[in-house]
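*Asks:* Line by line, the protein sequences are chains A and B. If you're matching positions, the first sequence starts at 1 in my numbering and goes up one per residue. If you're matching positions, the second sequence starts at 1 in my numbering and goes up one per residue.
Read the hints as simulated data drawn from the structure, not as lab findings. Backbone N, C-alpha and C define an ideal beta-carbon position, used for all residues, glycine too. Watch out, some of these pointers could steer you wrong.
Only part of the chain A face toward chain B is listed, based on derived beta-carbon distances under 10 angstroms [what the hints assert, rightly or not]:
1) T98
2) T102
3) T399
There are 2 protein chains.
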Amino acid sequence: MSQKKCPLNREQLEELTKQFPTPFHLYDEAAIRANARALKAAFAWNPGFKEYFAVKAAPNPYLMKILRSEGFGADCSSVPELLLSESVGLSGEEIIFTSNDTPAFEYQKAVDLGAIINLDDITHIDYLEEQIGLPELVCCRYNPGPLKGGNAIIGHPEEAKYGFTRPQLFEGYRMLRDKGVKRFGLHTMVASNELDAKYFIETAHLLFDLIKELSAELGITFEFINIGGGIGIPYKPEQEPVDLQTVGDGIRALYEKAGFTSLDVRMECGRMVTGPFGWLVSRVLHKKNTYKQYVGLDSCMTNLMRPGMYGAYHHVTVPGKENLPHDFVCDVTGSLCENNDKFAINRALPPVDIGDLVVIHDAGAHGHAMGFNYNGKLRSSELLLRENGEVVQIRRAETVEDYFATLNFAGLNNFKV
Amino acid sequence: MSQKKCPLNREQLEELTKQFPTPFHLYDEAAIRANARALKAAFAWNPGFKEYFAVKAAPNPYLMKILRSEGFGADCSSVPELLLSESVGLSGEEIIFTSNDTPAFEYQKAVDLGAIINLDDITHIDYLEEQIGLPELVCCRYNPGPLKGGNAIIGHPEEAKYGFTRPQLFEGYRMLRDKGVKRFGLHTMVASNELDAKYFIETAHLLFDLIKELSAELGITFEFINIGGGIGIPYKPEQEPVDLQTVGDGIRALYEKAGFTSLDVRMECGRMVTGPFGWLVSRVLHKKNTYKQYVGLDSCMTNLMRPGMYGAYHHVTVPGKENLPHDFVCDVTGSLCENNDKFAINRALPPVDIGDLVVIHDAGAHGHAMGFNYNGKLRSSELLLRENGEVVQIRRAETVEDYFATLNFAGLNNFKV
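With the hints as extra help, turn the sequences into a complete structure.
*Replies:* Listed below in structure tokens is the structure:
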């Protein structure tokens, strides 16, 4: 299988649960660092290369601090994400603020931090100028529309709410130039969870061509292109990860052919940075046998929304039973009062017993981050396996008090019905 | 249109936003009470009728206190929901605990409150007995499987994780009887958001027949049937609400024909109780025109997940512009960095201007309750329009501090990378 193996075996996980009861998300620092280095190595030919970690994938400052130490910046689209970046010492152009439908107070915080502002729409040029003032460096987000095919998750670019059209880009950069902006970047993001390396090379190609045209027409120089994120991960065993070296080499060939020398290549991946290196560890609470076989875990959609929300596949393993025949076909469910609260449907597993640990793979991105409190379900903790083998808690589990924090129970007494 | 009109007009809403900035959910107490009374009236023929409000739809104790004053109980499936019920003075058999894949500590809290335990699976008989002990009254959840067709949201019953099969019901009640349980109820829930009144009458029919058979075979008496929830609401203007009197009358006819006299009819609706009587009030922050027209609000999926999560239709109105021609076709978006963060797609609205208030209808159930914090987005406040015209805040908006509550920023300093 292509899934990253959980770094702790059954005995080690059982030992861990004595201190940290299931469910929890477990991240692997060594694997995150190795992957980060592989991405940097693939772009070592470009001295200004920078990956801005898409914070929404795993908004945990401990993970972000590790990524910062690997030279990664942060891609943010809200004030809480900017504050997380600030908390780990990121500042200035180590942060890119790629938001849409943005309120002024969010632009203000981004500008205060000196973050690169990536504008989503031509109308935001005047909005930003009026509300806060234009910074020296501005990036614009390009939406190629029907010129570029989409993929399943992001849909067709012409149906996406993001970005400038091509004519708007020309008009927008002209406005920015005429308003005194001196430094420029160009951004696009047209894929999500895409496994074909060619997609990212083509995206860079698109931006290289566009920069040439924009520079020629407007007499401006671009410091960087940001090809967005969207590098997928092999959620299914038969899938293969994107070969990062292929992406890097392919973009390099185009870069050199186009004669660029000082243009920086930037990315804002999230999923591929932490996704395969985080596991949701849970325990079998019940089994039931009605019209199908069910294995019920002590976790639910709150811990991992993707299967219930998108019908997404996540690989499931039963530690200690990896080598047994996988002939027990079941639905793996959570306890939420929603029938789509299933981690897996008709999945062939080894014989599962109540009390077994179950590991759900590729939960390191868009996992904990997307959890809701529907049905009064509480979000679980996050643990980190350090390089020295120690496991530390990097987020505590939610409590009932957290869940009730926005309610005034004292006021209820004076509420006459 | 069939949508319940927002009880405040543009001027009143503008006045309100001076004290409570958008976005917020606004609930209408008078409308909730009137609807609750209509439901009770439809079942007035059954002295033991009780509606247990499905707390997950709108887990706010202020709303629950109003519903309690109308004689409604609570349908819970987690400890936080049980605690909310307790906070408004509900106890004992005013609460039904309808959960699945249930951990022992949740059963314990339900038993401590004296709630009716509704078992989801035959294995839970032994589990409950071993972990806590069996209460005097037990209800079992029936899943009719392929005998009964499903609907779009709940899927086919045979694919649903819930309930006992028919043979398991016979075996289960026999076990319960032999273990000394004295009082019995029977539950099913096979629809969600269903607008056909016949569906609920048929469901009661199914349970009436089954009770006769179970009673005859096992020599036990049932105190109640619980036909579950699932009464839909007309999200689309061309849809009509379920006529509650038709449901009540239809079930009455079957009840009398079957010769029941002391059997109570119970329900656990959520959506139809608060859904049409809550509105998400938001404001237009931006407009953009690329490959489509976009209207960007100051709210997002976090405030209302259903359109982004299910592609669900929610009616959108622009207060003060209800009577203008609706010829501006646009997508109504939020600011989340997800392309599915759209409240409406290709919707015909009146000409919309930046700064306009926008009302999203039918947000009173599964609205605030389902919100996530993805992308660092914070959940908004809930307001209640009292019967006397006063507006009170019944939940404050989340703050950045709430969002960061489970993180230890102090520990970050000692976290060596």
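*Asks:* State for each hint whether it applies.
*Replies:* The hints, checked one at a time:
1. T98: Since chain B brings a Cβ to about 7 angstroms from T98 (chain A), closer than 10 angstroms, the hint holds.
2. T102: holds, 6 angstroms
3. T399: holds, 9 angstroms
Checked against the numbered hints above, the structure breaks none of them.
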